[in-house]
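Input sequences plus hints: build the corresponding full structure.
Its first residue numbered 1128, the sequence shown is counted upward by one per residue in the numbering used here.
Misleading hints may appear alongside valid ones.
Below are the DSSO-like pairs computed for lysine-lysine, each with C-alpha atoms no more than 30 Å apart in a straight line [stated by the list, open to error]:
| hint | residue 1 | residue 2 |
| --- | --- | --- |
| 1 | K1140 | K1128 |
| 2 | K1178 | K1140 |
| 3 | K1159 | K1128 |
| 4 | K1159 | K1178 |
| 5 | K1128 | K1178 |
Don't read these hints as lab results, they were simulated from the structure.
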Amino acid sequence: KTMGNILVDPWDKIWNSDTALYLRNREYIEEKCTVCPDLNLCGNGCPLYNKAHQNPVLCSKE
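Written out as structure tokens, the structure reads:
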């Protein structure tokens, strides 16, 4: 999903787009990871990789 076009859209439209908010608020993080003490270190890795694979690539717990 697109956030906008930096060449034509105002910055606030891009920054406040649904996709930007989804990424900025880390809504993609699995529930089991929200309680992990290492979450601030790994940031849950890459959202696209994690969606395609069972476990986050940087998960120290698995």
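Each hint tested on the structure:
no.	hint	result
1	K1140 x K1128	holds (14 Å)
2	K1178 x K1140	holds (26 Å)
3	K1159 x K1128	holds (25 Å)
4	K1159 x K1178	holds (14 Å)
5	K1128 x K1178	holds (15 Å)
In summary, the structure agrees with every hint in the numbered list given earlier.
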